[in-house]
Amino acid sequence: MAESGKSEQIITQFFLKVLHAVLGSRIPHRHGAAPPDPARARKRDRWFNLALGDLPLAFDHPHHSVMDPLIIDIILTPRPPADLPEAIVERWTAQCESWNAPHSPDNSPSFLYRRTYKKSILLLRSLYCFLRLLPAYRVFRMLRSSNQSHNYDLSYRALSFAEPFSREEEREFKLHSFTPVETQFGQLIVSVQYRPSLSDFNLEASSLLPPMIITDYVGSPATDPMRAFPSSPYERGARPISFPLRGVRTSATPSAPRPHSWTSAPLVHHPLSSFPIPASPPDGYGNRIPSQRPTTHRKGSFSFDEFKFSPPFSSPSPTPSPPAQGSSYLHSHLRSETAPLSIPQPLTGKSRVHSSPILSDPTKIFLPPPSPRSMRTDLSSQNSPLESRSFRKSEGLRAGDIYSNLQWYTAQKSLKDGRDDSGRFSSVLSSGGSPRLAFSRSSSRLSMQDDIDDGDFSCPFAVDDVDTSDSQNRSLDGKEPPESIQASSHKSQDAAVGILIQMLKTAAPLRQDHSYSSQSSTSELNGVIGTSSFFSRRTSDALEELRSYKEMKEILLSRSGTNKKKSSILWHQDP
Amino acid sequence: MNCETCQLKELVVEPLEIRDVLRCILHTIVFHRALGLVRPKDVDCELFEITYVQCGDAELERKIDEKIDLFIGWVEKHPNKKSQVCLSFYEVRNKQATWMFSNKTERLYWEQWYINLHVINTKTHGKSHNSKAPINPGDNALEESSSRRASLESALHEVLFQIIKFVNEKKDHIPSVTNSEVISFPYEITTPR
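One line per chain: the protein sequences are B and V, in this order. With this note's numbering applied, the first sequence corresponds to residues 20 to 594, in that order. With this note's numbering applied, the second sequence corresponds to residues 4 to 196, in that order.
Source of the hints: derived by calculation from the structure; they are not laboratory data. The structure displayed is predicted, hence computed values, not measured ones. Just so you know, even glycine gets a beta-carbon here, dropped at the ideal spot from N, CA and C. A couple of the hints might just be wrong.
Lysine to any residue pairs mimicking SDA-like chemistry, simulated, CA-CA at most 25 Å apart [as the list claims (entries may be wrong)]:
hint: 1; chain 1: B; residue 1: K137; chain 2: V; residue 2: A153
hint: 2; chain 1: B; residue 1: K137; chain 2: V; residue 2: K84
hint: 3; chain 1: V; residue 1: K174; chain 2: B; residue 2: E22
hint: 4; chain 1: V; residue 1: K84; chain 2: V; residue 2: A153
hint: 5; chain 1: V; residue 1: K66; chain 2: V; residue 2: A153
hint: 6; chain 1: B; residue 1: K62; chain 2: V; residue 2: K84
Stretches of chain B that chain V covers, calculated by requiring three or more beta carbons in the stretch to come under 8 Å of a beta carbon on chain V [unchecked claim]:
hint: 7; region: 57 to 70
hint: 8; region: 136 to 146
hint: 9; region: 149 to 163
Label pairs and their calculated CB-CB ranges [unchecked claim]:
hint: 10; chain 1: B; residue 1: D219; chain 2: V; residue 2: H160; range: 18 to 28 Å
hint: 11; chain 1: V; residue 1: S157; chain 2: B; residue 2: E191; range: 17 to 27 Å
hint: 12; chain 1: V; residue 1: N83; chain 2: B; residue 2: A101; range: 32 to 42 Å
hint: 13; chain 1: B; residue 1: S218; chain 2: V; residue 2: G141; range: 25 to 35 Å
Model the full structure from these sequences, guided by the hints.
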């Protein structure tokens, strides 16, 4: 591209940037804002290294040649029903005035456009700062931040030509001119005529909300978010203040007529302001947003030797920040509407009703069953080893409580066979880890199996059983030899019961059982044993029965022995 | 290359106002010298009805706050004194070694800003002037404080205009930008010791 084309492009983009900067800090309401095109926005931001965000509104900037001036009038327009004339509060003028550039090597086209660009950057920085120092900026902030209606509004006109002010009007304005920037086509001159004070316009908001302290801050778990605020300014006909978000008016007031912390614009610390100016919410303009660190991947952004016209970024620069506060506003708003979660209470002893956080199905709340299920409930309510231990200690499943042991046995059996129902069990048990963990988890998982297996419940004994010996672990697999009964005599009472139960589980039916006595019984003894019903017995009963059978056997044997003798004697006696 | 110097108009401040005033001035100056891609960040002064612009660099913000803390510490030890905080921009040049073991870099300052502050403590300063006991000491003090604050705000406005004017008028001495950082030039903030 020829140097003249580059200069022209710089000037054109400069005018656009001036327009963008001025309107972005003067026109509060975004009407018909065009959806941002990220690629175009990025490219636009890179010009003059000043990222100003999205265009404030859809405006048709007048197409003009570089030699046509750009005039932007900022107008204070009274709102109806006020019948007052509108007033120009600022007039910004940017133009390229022809000049007779002195002949010097510094003014060669190739050198000039680089210098033009550099100085344009500096000028735009100053312009941006200066915009915030003028009185109209405070009006802009007030109008933008508040959802209240005001008696005035700010608008603009972008022209290539405007009637100059009369002498009287000029007296009301102050003039500030920025230092011109030399270009190939002339000098870029930016100036502003502004009213040093806007107090004559009597700017005010209707139904101004006084500052108020929200005593019961929404979001606190102690408060009801839906509760109406008692002395609400709504009673006085005022409307809540919300953050205007890119033209999206948050007129959707909360269902509860209650000002929430996110709906009230915090008052800015301006003790000397003539009218209250709420703090400006963030907008997409880069204002008051914790700005992202701009990408600095430009190569030689400013070197005279490496100057590039088109945005010289190899990767996209950050797009103007979206109304992040808006989204967080929405989120915070939504959060306030959800019901607080109930915190599950820790279980102590025989707490009957609880909601375990481990439960994947929170609807499965254990209720005290009137039947054998009650034991399951109590036992399965333990979801931690410590609790199971304390439970065990407090409840004290006694050795004589064979009924619960029997049920525990059936639970064990179902656990072992439970892999078909839930792989979790098998995975937990086969991991070789502590069945403490297995049972602490299974207490909840068993609850899941309520619908699957009726006879299941967890037993806290396994916690202790596992802790005491590995053999008890192995006992789960049913490989425990009978000798373990003798070993358990030294263990706790509960452990002994556990071992017995495991024995019963692994023991063959009495009908076919030969393990209780190394002295093999006679067929009569076997028949007697076989007739007994196993499941209706308790361990102690079984042992007693065993003893009785042994005695009977001995008696029978002894009797048969004596009978034989007698019969032999009798036989011998009869001739 | 000549070094351009700007002496800013003196501001009479109270200790509590130092931070706000210095932040405003220092950030405004640096914003004009941060020639990398900047997403400007508007910041409202805490005590004044003034909005200034930061360039959004977190490291810069941290450094400025650090220096302000240092200055405040010095002020506490030297109350009711006039002082200066100096913001300098420089270039680093490698000095050619005249002999083998010397390889120094030198700083060539091309711009220096002097922020002139007169820190006063109104409690001690005010008492010395009042010979008569006021009827309503609380109201008078408040009124005095408000008017002093208003004049400081106006003076701060003027200082910011002064910065903008200086930045616009003096551009030729700025060196070439040789990096893609936001803060294009090395800088230094000097406080009294």
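Now the hints, each set against the structure:
1. The suggested pairing of K137/B with A153/V is violated, with an alpha-carbon distance near 37 Å, which exceeds 25 Å.
2. Restraint check: the Cα-Cα separation between K137/B and K84/V comes to about 40 Å, which exceeds 25 Å; the hinted pair is violated.
3. A threshold of 25 Å between alpha carbons decides the hint, and for K174/V with E22/B the separation of about 22 Å falls inside it, so the pair holds.
4. For the given pair, K84/V sits about 21 Å from A153/V by alpha-carbon distance, which is consistent with the 25 Å threshold.
5. With a C-alpha separation of about 29 Å, the suggested pair K66/V and A153/V falls outside the 25 Å cut-off, and the hint is violated.
6. Simply put, K62/B and K84/V have alpha-carbon atoms about 50 Å apart, too far for the 25 Å limit, and the pair is violated.
7. Counting residues of the region 57 to 70 of chain B whose beta carbon lies closer than 8 Å to any beta carbon of chain V gives 5, which reaches the threshold of three, so the coverage claim holds.
8. Check result for the region 136 to 146 of chain B against chain V: holds, 7 residues qualifying (beta carbon to beta carbon below 8 Å, three or more required).
9. Counting residues of the region 149 to 163 of chain B whose beta carbon lies closer than 8 Å to any beta carbon of chain V gives 6, which meets the minimum of three for the stated coverage.
10. Remark: the range hint 18 to 28 Å for D219/B to H160/V is upheld by a beta-carbon distance near 20 Å.
11. Range check, S157/V to E191/B: about 20 Å between beta-carbon atoms, so the 17 to 27 Å window is met.
12. Checked against the hint of 32 to 42 Å, the pair N83/V and A101/B fails, with Cβ atoms roughly 52 Å apart.
13. A hinted range of 25 to 35 Å holds for the C-beta pair S218/B and G141/V, which are about 29 Å apart.
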